[in-house]
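Using the hints, position chain B against chain A.
In order, the protein sequence lines correspond to chains A and B. Numbering follows the numbering used here, in which position 121 of the first sequence is assigned residue number 121; successive positions increment by one, without gaps. Numbering follows the numbering used here, in which position 5 of the second sequence is assigned residue number 5; successive positions increment by one, without gaps.
Honestly, the hints are just simulated from the structure, not real lab data. Warning: the hint list may mix true and false statements.
Across the chosen pairs, the derived CB separations fall in these ranges [as the list claims (entries may be wrong)]:
1) Ala104/B with Asp227/A: 43 to 53 Å
2) His398/A with Leu22/B: 50 to 60 Å
3) Arg3/A with Lys178/B: 24 to 34 Å
4) Glu103/B with Arg3/A: 45 to 55 Å
5) Ser174/A with Ala123/B: 26 to 36 Å
6) Tyr429/A with Leu22/B: 46 to 56 Å
7) Asp511/A with His137/B: 50 to 60 Å
8) Ser433/A with Glu103/B: 14 to 24 Å
A quick note: this is a predicted structure, and the numbers were derived from the prediction, not measured. Think of the CB as a built atom: it goes at the ideal place given N, C-alpha and C, for glycine as much as any other residue.
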Amino acid sequence: MRRLLSGNEAIAQGAWEAGVHIGVGYPGTPSTETLENLSKHDEVYCEWAPNEKVALEVAAGASMGGARSLVTMKHVGVNVAADPLMSVCNTGVNGGLVVLAADDPSMFSSQNEQDSRNYAAFARIPMLEPADSQEAFDFVQRAFEISEEFDCPVMVRESMRIAHTKTLVETGESHNDQPLRSFEPDPAKYVMMPGFARQRRLFVNDRTRKLVEFAENSGLNRVEMRDTSIGVIASGAVYQHVREALPNASTYKLGLSWPFAPQSLRAFANSVDKLYIVEEACDYFAEHIHALGIRSDAFPGIALPEEGELTPALIKRAFSIAAPYAFTAADDLPPRPPSLCAGCPHRLVFVTLRNMKAVVTGDIGCYTLGATPPLGAVHSTVDMGASLSMAHGMELAHVQERTNRPVVGVIGDSTFAHSGITSLLGTVYNGGSGTLCILDNRTTAMTGCQGNPCNGVTLKEQARGLSPLDVPAGKPLDIEGLCKALGVDDVVSVDSQDLAAVKEALKNATDSSDTLSVIVFHSPCRLIDRTRKSAPEIKNCRACGMCIKLGCPAIEKGDDGKAYIDFTQCVGCGQCAQVCPFGCIESKGE
Amino acid sequence: MSNETQTMTVLLVGVGGQGTILAGDLLAKTAAASGYDVKISEIHGMSQRGGSVSTVVRFGEHVASMICDEGCADVIVSFEAIEALRAQQYLKRDCGRLFVNDEAISPVSVAIGNATMPGDVSARLEELGAVRIPAGHIARSANSPKSTNVVLMGALSTALPFEDEVWRKIISKRVPPKTVDANLAAFDAGKQSARA
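Chain A on its own, in the form it takes in the complex (with noise of 0.2 Å):
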């Protein structure tokens, strides 16, 4: 059957069509479809984990009770279950261990630009780096064959050209049935105390050795020869911009770039006469293959940029090729990033953050916006629960009494759940004070409103269409109950939509600088709860701007100075209402 894929809707059909029994990862651009793909399939299961590491070891866990599992997450998730991923490449496998990892070049989505591909060679595990949807469904089930043969977890890699442009793909029609592979306890295998490990290094040596004969034959590589004169090495979408600039070159299209195949790329390398790599942002295949003795050619053309994903346009220019006639972009647009939506309850938080003039840790999350302006309240994003702990490195740094401005950190449900936790618990443990919100939307909202645990709502509810609102009592996480065991003595609960309640939640908490607040801002997610109002009426505006300051899309400011509604925009939250100190803006109720 012929379809119209993404790669990651090929990635879960392929795994379906390869029999996996279990699917597990944490949502994140541009991974997050895989798994909620395959959670549609009966046959298999699949869950959320709170964060990837956990992932990870469910899956470990799975293969080595007999499942084919697939661990889907994007790359930064990887740094987050390196730790089971450098053991687990010793320990090896009993049903087939698949990791997708899907990378941003360009960081359309992302806080760093990290290429996926070093971890496979550090872990020494092979990595299939498919260059199209058909590519993504035959790859991943090769992958399971193949971590099943040599006894090793298999990742495979897609940038974000891969994993979100679809493709036509030749599907087969049914689910594998795959049996589970039987059990028996091998300590010797799977307990990496030092006397087993250093048996598996040795393991592990050999199989590299026959993973690299594997590479030369596995026909995952493929030489495509035609003019001899210009010879590329590329992979993934890469090698489909290579493609499109230079439709004569040779190519050699890496689908395993982790091990390399040294005598066919000597080979490809002796029948050109120039012989150039061609990848984006980094010099992974460059290292790897001149680290072979393979020596390649500057570009004719100006070098290719350090940074960013490449395009047919790029490669050509490094190539000395004419860019086609066109007009000159425009330099005096307004720009226009992302912003909160209408309605959005993290909004009231930052306006109050930035009124107080606050020094805030942010993290990972649609509250990351709550940097730009008019909010600019948020003063730093680095990873997944990076908030809490870095507040905590604030206060040892002493900024709230050297600067006078209070130091709060800020992090969302999800993930909070990911990560927070510990770092909330290192606070606690070490006797630090300071202000901690969690924002409780009751959903992942940037990934698309995935299920958590502080939500309650499982991967197969998900598929299933449970909404969060409708979870019953007690299956969400009790943030505030967690809190308080962890041992936090100072735990409130605030609606975030009512500005006098979240200031004076946050004047409460920054005021007591002995100790640890941790305030739970609870308003449900707009993309969760639609529910709309009517838009409110504004009556003798005054034009001081107040209500301009929350960033609002659905409120202007006119060429009068004053404010006015866009009314296809407006959920009638009635934020704007409570911070017009004039009294102006009057919220239609229902």
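Showing chain B alone in chain A's frame:
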């Protein structure tokens, strides 16, 4: 289609939440159902929160890259006026076609007074040879404001080599059952508007 690669490139641009992804999906499926190889590249994630968004659809005998470079779009469909200007460098300068939904949405940078809208949008669109489609207006007056994107696909269809029947079949399959008639009417209205 360009002679070099025999591939046609359509760029859909707009503001996050305007329905560019659904429109791109209709276009790509229509291309596939018409027998072409096709690739459609979308940007997900943070930009969907009201930022500038773009979707690239490329089709032909065999499509390699999924990216649209500057000067390479055979057609640009802009769901918003300012975004058309922001994407102008992607248009083929000699023969590219530009369809624009005749409405401007103020970015937050303008709404808060940090930036201003350019005053000469009409003249600049004119210079680019834009075909202006009152898509939002058409959709709202037909009492189906969510079909703005389908009105624009109707306009786009006049510049592409697909049979009407295939478009209609794909639209009927893809939109919610209750809205099929409204969406087909929106498609026709867009087509008419582009030809007017």
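Inset, instruction - List, from low to high, the hint numbers that the structure doesn't satisfy. - result: Per hint list: 4, 5 and 8 violated.
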